[in-house]
Amino acid sequence: MKIFHFIIFIFTLVLPGIIHAQGKNVSTESWITSPGILGTIVLITIVLVVAIIIFLTHINSYLDAIKKRQEVKTRTAFDDELVALEESHIDTILEKRKAALHYKLKGNELSGDNEVFDKKGLIQKITNDPNNAYFDEKKKTSLSLETPEPLKKIVIYYIGAAICWLVLGTLIGQYLGMKFIWPEMDNQSWLSFGRLRPVHTNMVFWGWSSLAMIGLGYFVIARTSNTIIHSYKWAWRAWILINSSVILGSIFLMAGINNGSGEYREYIWPVMLLFAIALVITFFNFYKTVAHRKISEIYISNWFILASLVWTIVLAIIGYLPFYQNGLGETVIQGYYMHQGVGMWFMTFTLGLVYYYLPSALNKPIYSYSLGVLAFWTQMLFYTMIGTHHFVFSPLPWWLQTTAIVFSAGMFIPVVAGTTNFLMTMKGSWSHISKSYVLPFFLVGTLFYFVGSTQGSFQAFRFTNYVWHFTDFNVAHSHMTMYGIIAFFLWAAIYAILPKLTGKEPPQVLVGAHFWMAFIGLFAYMVSLMVGGTYKGLSWIEGNAFIESVILMKPYWVWRAIGGSLMFTSHLIFAYNFYYIVKNRKQVLVSEATKPVEEITV
Amino acid sequence: MLNFHKEHKNLVLAALIIFVALSILVAIVPAYQMQATVPIPSQEALTSQQEKGLRVYVSENCAACHTQQVRGIEMDNMWGDRPSLPSDYYYSKQRLDVWRQSPSVLGSERTGPDLTNIGARQPSDDWHLMHLYNPRSVVSESIMPSYSWLFKEVDSTAVTEEDVVLSIPKEFFNKPGKKIIASQEALDLVAYLKSLKQTELPDGSVPQFIPALKEIQTGNMGDGNTGTGPNGAKLYNATCVACHQANGKGVPGAFPPLAGSGFVNDENPEMLIKIILQGYDARSEFAVMPPFADQLSDAEVAAIATHERSSWGNDAPAVTEEDVKKIRDYINNELNQ
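Residue numbers (our numbering), protein chains in the order written: chain A, 1 to 602; chain B, 1 to 337.
In short, the hints are calculated from the structure, not lab data. Bear in mind the structure is a predicted one, so any value in this text is a computation, not a measurement. A hint or two may mislead.
Said to hold, decoys possible - Computed list of lysine to aspartate or glutamate pairs in EDC-like fashion (alpha-carbon distance at most 20 Å, straight line):
1) LYS234/B with GLU184/A
2) LYS554/A with GLU285/B
3) LYS288/A with GLU7/B
4) LYS179/B with GLU153/B
5) LYS249/B with ASP315/B
6) LYS170/B with GLU184/A
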């Protein structure tokens, strides 16, 4: 009930904004106080504040550790002093003490050659050689899960291929970002901005995010159905198809063969067909596995994952069928396709993953199962209707635009439901933020889920669209969602599960470096383009010459490139971490297997 | 009956059916409706060369940075005289071939200018070719890539009659004995770009833009050089600056300077007005100037001429709307006879 009150409360807060946004006369005099822009600023501040809190908690626990070490040092110094005391001096002191307490210390209780016993089993790990003197050590997770070897291999190979695409795809993205500053970097047709941009977007979409999602999905499907995957062979076939589709698609795009510039469907249909077949195979495999589950209930993750596969298959078919795509028919489908590609495929699937990996990483159940079900149905209902908000004020029918704007506001329901569910699941485990390297990823993903989606809804309002549409703000928004939400959740899930599959944990300093570089990089990227995009829109509204908006963007493009470099570097670190987790995996597994069962915690 | 928690078949079927139903409602039905749009009666189909140019436009993915939609809001007025209509896309948005669908020319990013009306705004072949070869040779602050692979570098001796030779300033191309000529693809692309013009509506009606910035509409009128009427500096920046540059110095070897120009500074503005209205092609060392009579009103031509005559060290008397009107009438009479 509480949740519903909360949702209604949010709605009443936002409603005046929606009504205002529908007005036919928009004035830019007080643009800064318009609900959409104000809302966005508030949302960004939320992320910033939470990031600062995470940072402070880390600093705090680090300071605590230093303090403790200091205390230990003083104590040791005191011990040394005691040991170094001269006999006669000791005698005098002891005499004094004896006189006072009739009690005498031997002086070697805390040192000496005596063997150490931990009678109460309090000490977990003894080391004379700490990993790193400058960082707080995170708690070790219990390693090893009982998982069939073929499944482990599938998960690792899907994620491994995904990481190759992530590194290559973001390298290309970074290169594209630098072209804004140095347009003459190269003069090769196949490296030109127009051809390379879709290579970047499609590679990180279909290569990185999709492969990582499906790989992580295989584990969830098998685990929550308490059974084995229907067919490992088909999983491998889908793996080959998806990778071939990304390879071929990228080559075609660089050769100047694209499907007509429609965003995210630049791959020509024979190439996308490979991807679609892989989706059908994956769906069939997942569906059969769920059908043979050994428990009666279908866990909520599987709702999201199965549905996202079904929806995306439908989406690919509608997006590529030719019968209604001449004239602006294509534009209607484009709005529908590009938004659903993000909403029904990446968002839905990833939410399904979070519903499993978040509670399992915290070793507790999800806060509310029903809220998950509510989020599921509303996700389908609202997300499907909002594609046309990419074409506000365009020649598309006004009713279609209005529908899109109204349902964009409706997106608050699934978003608030999801965010509440994740945050309430984390509640009570906040101490994990400083103790684990998985939870910060989940927390940032959740925050961006709320902030990015809500900001997107704000952006659909007519006024904010007026200022932001066509500017670099869109690029900031798409990175906030595809990177801030999807990539962060995927990283959280990967760091949560892979060490358990291989029995090897990555160096914690490097996971921390990955987290902070990705986060700070994204923030620099996002804020610079948001601020620059806003100024650009205002410059257009004022009727200034177009080239002025190009000139004013230059410093923001530099900051974007700096943020992008940090993001790209973090991916290199991530790739190394992955390598570290999976290398020599077989040997680790053998040594784990020889351990007695009771030592393996699941 | 519909226990989604336990019946996987029902769950998946329900998700599928509802999604397909919503998709039909919100995507397929409106798409069919939009596809049924007919062209405006006076709208011209693409010629086969323009059609080829459109394919180059798609191959190079120009839509990644250039939109082709004038939205129904005041700020987009600078890109066209009226908001875009579904009919405008009738000829350009047809399926390309069996492999590729109808091109998404509307775009979603305006990293570069909107191209809906580029054919009217920038009708000069030479400008387009130079701009494609190296955008910074005509727009110094541009960040657009150079499309040098659409051009060929040949020996001066090998240049034939049919070749279109570019007059690139030395700082962008300096190889003695060599010339840059446009490939067929570049010529096709320019033909396509020049075809991008808004068709006038048959009954002369102009759909209204949603007004937004009252202060601009009323407040900014006064900054023009003439005190009233259109703002000459702004019009110059929108219409002339691409070739003659913001400093009025033009591009050596391609576009003549206006600063210190005899025509511009002539006491009698007749020749200057004639050139603006009719275009100019008397000097072989410079590119052809296209006529602007159809695009600019008398008041606008006067404002531009006055701005040119009073900027960059030029000092000649202002031009009035009446001057322009007189010359326009004279030209029209001459043509009719």
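Hints and how they fare:
1. Taking the CA atoms of LYS234/B and GLU184/A, the gap is near 29 Å; set against the 20 Å cutoff, the hint is violated.
2. At most 20 Å may separate the alpha-carbon atoms for a hinted pair to count; LYS554/A and GLU285/B exceed this at roughly 35 Å.
3. As the CA atoms of LYS288/A and GLU7/B are separated by approximately 13 Å, the hinted pair is consistent with the 20 Å bound.
4. Between the alpha carbons of LYS179/B and GLU153/B the distance comes to roughly 6 Å, so the proposed pair stays at or under 20 Å and holds.
5. Proximity of LYS249/B to ASP315/B is assessed by CA-CA distance (about 15 Å); at most 20 Å being required, the pair is judged to hold.
6. Of the supplied pair hints, the one linking LYS170/B and GLU184/A holds, its CA atoms being roughly 17 Å apart against a limit of 20 Å.
Checked against the numbered hints above, the structure violates hints 1, 2; every other hint is satisfied.
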